[in-house]
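Got two chains here, each in a separate frame; can you build the complex from them with the hints?
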Amino acid sequence: MRDDRKGDRKVSIIKKSLLFLLITCACAYSQNTSPEDLYKKGDYEKAANVYLERINSNPYDYASYYNYANCIYRLGNTPEAMAYYMKAFSMNPRNSDIFFNLNYVSRQAGSPLFPDDVPVFVYRIYFLLSMNEIKAFLNIFFWIFCLSTSILLLGKSTNLFKTVSYSSLFICIFMALLFFFRTNSAFYSSAVIKSDQTRIMSGPGEDFKLIAISDSSKVVKILSESGEWIEIGLLGQGIKGWIKTEQIIKI
Amino acid sequence: MIMKSMIGKLIYSFCFLLLSTAIAAAQTQVSAFTDKQTLALNEYLILTVTISGDNANSAKVDIPSMPNFSASSSARSTQISIINGRISSSVEYTYYLSPKYIGKTTIPPIPVSIGKEKFLTKEIEITVTAARASQPYQNYRQQSPNIPQSQRQNLANRPQKGTPLDKLVFVKAETDKKTAYPGEQITMRFRFYTAIPIARNPEYYPPKLSNLFSEDLPPISNGEEIINGVRYYYSELKTALFAINSGKASIGPAEVIAQIQKEEDLDPFDPNFMQKFFSGFTNYEEVRRKTSKIDLNILPLGENAPKEFSGAVGNFFISSILDKKETKQGEPLNLTLKITGKGNIKDISIPELNDDEIKVYDSLSSYNLTKHNGIVGGEKKITYIISFKEAGYREIPPIKFCFFNIDTKKYETIYTQPIKVKVLKSETSKSYDFSSPSNSGSVQVKGEDIKYLIPSKGSAWVSFSDKLGNVSFYPHILAISLLIFSFLKNRSLDKRFRNPKLYAFKKAEFTFKKALEESAKQQDQSKALAIIYDAIMDYLSAKLMENVYSLPISKISATYRQKVKGASEFTSEEIKSILEEIEMLNYASSKPTEEKVRETRERAENLCEMIEKETGK
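So the sequences go chain by chain: A and B.
Numbering follows the working numbering, with no gaps: position 229 of the first sequence is 229.
Numbering follows the working numbering, with no gaps: position 564 of the second sequence is 564.
For reference, chain B alone in the conformation it holds in the complex (with noise of 0.2 Å):
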């Protein structure tokens, strides 16, 4: 019964066991999905990757390399949660993929990676078309109004021939401003022009940056421009950059690497150009161009910074909100601070909250980014998890936020404003635990060292088992000893059990010679007479596999002779003779003497060894 019950527990602790590792992984989700499956060659489509689960704030998306498309990051977004102290988040990824060939492609499972454990998105099947005809060409005319009409009459000019090919194909790029401050946007715009079909969608290989950090604006735009009189395809491509520190920056050469059409007289604004170019055209050729080292000067911000600023520039608002008004001493509550504006918004680094009333157990961090028209903004939410330690009507007090402004540009600080919240006494000194402990607590580790020293507790146990275990090998030969006769006795009585007819047998020498030694230790010649006639018989029996008692000396003479093949007439006469002499002894009217006895109890081993020899054949 207590086997079985272990074995239960055992069983349902395996399950628990089980079932505890299958949530864990359950606990990590990841997905990609597409705003379309369909697409024509010059749009693009969004992908976005969603990573949930207790770390998803921490993963890390690899885009893979995808030939077919090119790709841009767009935004981030996280979201967090915060239950009964678990903390648990959603981030969402977004790109912008354009493509480059028409027909159906995939986009490659995209590997997320969240500490040691590695996800994979499914892989998602798109299908490319031929570009639209009308659309790029109505929308450029249609957004570019300002096109004199002499120049729209001259929209269909082309190239003429013998052009040469730097004035065909070539890049540009420049940035909306020369000067800026640290952390200020500097946007820069790349463009491809072209006045010849080109095999595919250029290769773009971005600018080194000095100084500088960067970050896609998508998605790249595509339109018409006429330069001196010649009509060019473009593809516009846009960065927002980020000084780091003040002084000098360069934005170095940018590339692009393009297949033209060599003395083919096709159309590059037939929006069909590649298909056709791909459909028979072979005698195509590649080209690099490279746009020009951009040199940018960062000023310097303002002198006489406030303590507080942290280096965030832009222009940001400020706002907080707590999930509850009314708590009890001791309790977590939830104070979340937002801060929006436009700006590189990811490197604002977390206000602090300062107040000897407030603990604070841990804070939290998240941001959506946007770029809506070219503009880096968003917003960063951050989560304080605070608890009051004394009850009553208490205030959070307003949280400072210091930045630079970009518009004004002036330091400015800003507020959030105190929130009023009822505290309750507590009841119990309940203590709360939250998943990353950075902050939480009063017990800061500082060091590691060797624990004390350690009384002695006596060693007898050390001693006992020492002794014990290195003991000589006596007690085990003894115990191995004990065994083996044991198991030897056990087969004998097995072996007797079994067939107790031939163990008498094979036992009958020793105990009939037993029986006359017993016989010769007898004082009184009667009994040791008895005996002896006993173990004849005995004997008899058991070599003869029959009991003997019931017979009269003439039938077991006969039945020996009978029974023992090899049986001589000396010993059948021999049997009866010392039987008759034994009964004829015993029931003589004087006791049998001394001497009688002895030569009977020979004649009676003799006989024994004769018997011995005879059913031994």
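Chain A extracted, bound-state conformation (with noise of 0.2 Å):
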């Protein structure tokens, strides 16, 4: 009996041994191809899986939309890389190297994001917070404002209330009308057209007439969908028209 123990002691010693080799060994292993590494050796397209992989695990991690986007960009795929740092940006906009790789890249494709004529500054306020960060701080603000003026109206009226009551009541008007011009922007409902010669219909289908044709790299406004077909408007050529949904990367 104590021989069995013995033996089953050893096994079990043997076994963990093992798999913890085998774990150095990955992790070695994954060290060793790390997406930074195989970007630094210029394999752009195993980075670029890897980050999809990431994507895929956190939809929230914004720096693998990015370097997805720069693994891409590198590729030759512009379109793409400018619908993922458009992704990475809605999420971070505080971020410069994002910025300034979106702004890079949508001047090569030909349809500058962020023109010259404004100072870079009022860019970089105007989109200081992301959409869900508007609406989160809208959300807040607007509890805080049920809830003072509650407080206040049931007959606690302090200063302190009466304060937060308006503050809250300020910031809640402020960020529904910066929420409401930030529809109106390329980062919201918005998607970028995949390929040069894009044909541009009056209708969802083929019969319709073609009214336009675009160059790849176009940032467009989602309008609205029609099973394969999107309605969609060339953000500052007033265009609008049909496009099948494979023919855009929506952001």
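Please note that the accuracy of each hint is not assured.
Said to hold, decoys possible - Computed footprint of chain B on chain A; a stretch qualifies when at least three of its residues, placed anywhere within it, have a C-beta under 8 Å from a C-beta of chain B:
#1 59-73
#2 98-105
#3 126-133
#4 139-147
Since the hints were made in silico from the structure, they are not lab data.
C-beta atoms are modelled at their ideal positions from N, C-alpha and C, and glycine is treated no differently.
Below is the structure:
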């Protein structure tokens, strides 16, 4: 019985050692093949795959979107890179690297998102908060407003509650206006055209009249959807039309 | 207090912004003036447009079309000053204007553009009088002493009647040389001759130039000449031409459009013949005269040009001045190089200043173009902003300037004198910034690329803001409900405070029924009875809007009848009966039974309903 126990213990130790070895090797391998290393070595395709996996496992990691866009850009796919930079920018508009790359790529694609006639700091202020942050602040301050105003109405009329109530109302109005204006920006309900010579039709089907042909990397506003077709508006050109869903990348 | 100080700061910031904008706008000044306000028809005036400010050197003057004047550019001069690294300049453009008509006229506002900004000078009023009688004629006589006596006697010779028009009015263009080097001045003399009166000063259309560029040589001179026994009045216009490349060059036909008097016996030499012409004579015709094309041969510059040669052709002198003889390591100095002489001074490129010990931040150039005696020349100033890298006694090496000497027909290299400077050790590593960073600093932008990867700093905030931003509607409903509830409650409280009796009146039934329910729960029947009694008294007080506790029972019933308009006899009797019954039960020796109390409560409930009906009416 004692010998059996000793034997079991040995097997268990060997198993544990093997497992430890396996984990160490895996870690070492993963360190050697980190996407940063792959990117440095110029293996952009593999790096892009790793970043894509990261995006799938954590859709809130803006750095993965940005890094994926970097890889895709290096592979020459400017429209997709632009779409992913825009996604990263819509999550964290305060990151200067994302802003720079998006501006750089959009200029290179011939449709600058941040034209030079407006100083950069204006864009940085206007895009200080992401849309989700604006909505979150709007919600929080709305609740604070409701609570503080209720307390005020119920007879606790102190200066503190008055200040809180008025301030939260002011912030709510400001956030609501900002939200309203930002819904018209290129980063809200928009998409990027994937390829050159994309046909824009007057209705949701090939039988409708062709009204425009667009180059790739153009940012369009999504207006409505109908099956495989999406109604889009070309920003700043006053063109509205229908395009196949597969021809665009949604932001 | 905080708000006040914030508003104060905002106002100050706004004022500062306004002030800075005003200062920026005030930095550029544009003006125009003339040397005289009144002139004769055969004279000219000098118009000077002055631009001063930070960017004056890049100003562009667009002389508008002036139907009453013929304009020709004369000179341009610039002055540059550098104070504390800030560069400001003043530029003067000079134009010669010859009037076409007699009378009052104006020089319109002259547009000056500096980058995207546009400025306008003020309008200038000018009075043009009739031509002065003696001056041109006397001048001509004085300036032309070689005219033989016999010809002078014939000065009054008029053209014979029937002379062809092309012999009466004609033009002539000639150059001082037919062969020249690129950059060498060729002077073209254009003359308009007339032996008959003309309506106004003729319109001149300059020739098209091939492989040449031109500089006007104002002013237009006038005079008289006897050709084949006929006295002609002429206007002469000179133009300096410079060939661009060796090979062939040509001057196209120059054209003049004049309006001549037809068959009118007016004296063209009468200084006021134009005035007379306009006063009553209308029979005139337009004549156009063109010169012939002139071909020029442009010789190549000599071979074996020094490597410093950058195309300067003329005859030049060079000198240099340093703004201070003692400086600190790294502190900027202004080294001014002056190139003077004849030749097309504008096109001289900046000579290089190469020395390992000297750091050249920037170089600025300005020029003063002169046209004395019909020869284009002037002065070009090049200011180098330099600093010494090392301390000690240092020397600015001679600066080389190479040009093709047009007089000797050879390349010539001239040098400035070396300048000694005492350079003290710098206390700080101060850096200087200059407004035009073309060559400054050691960083050269070679290209642009996307930024590198960024590390993942966690996505908690993005995730949180996403969840909070897209939260379901229930928390909002809760918040809105809370707000509505508190609003209603506030309104109710408000009503209670405003009219407590009315509030009590309306709430009386509710309070009464609640009290009855409470009495029903009581085990002690005496207490239950007391609660019923108090409930009735409270109810009646509220309904009658009077405290009935202090009144005797009979008075309560009477008050009820008095105050309630539709009060029935039964109800008032019932009030009295119930209250008396409760008092009786209360003061009875035995405790009230549960049944009796319930009966009283039921009676009280019925009474309440009756009173509600009656008071409701």
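Cross-check of the supplied hints:
1. 59-73: This one holds; 9 residues, not fewer than the three required, reach chain B with a Cβ under 8 Å.
2. 98-105: holds (count 5)
3. 126-133: holds (count 4)
4. 139-147: holds (count 6)
Going through the hint list in order, the structure satisfies each hint without exception.
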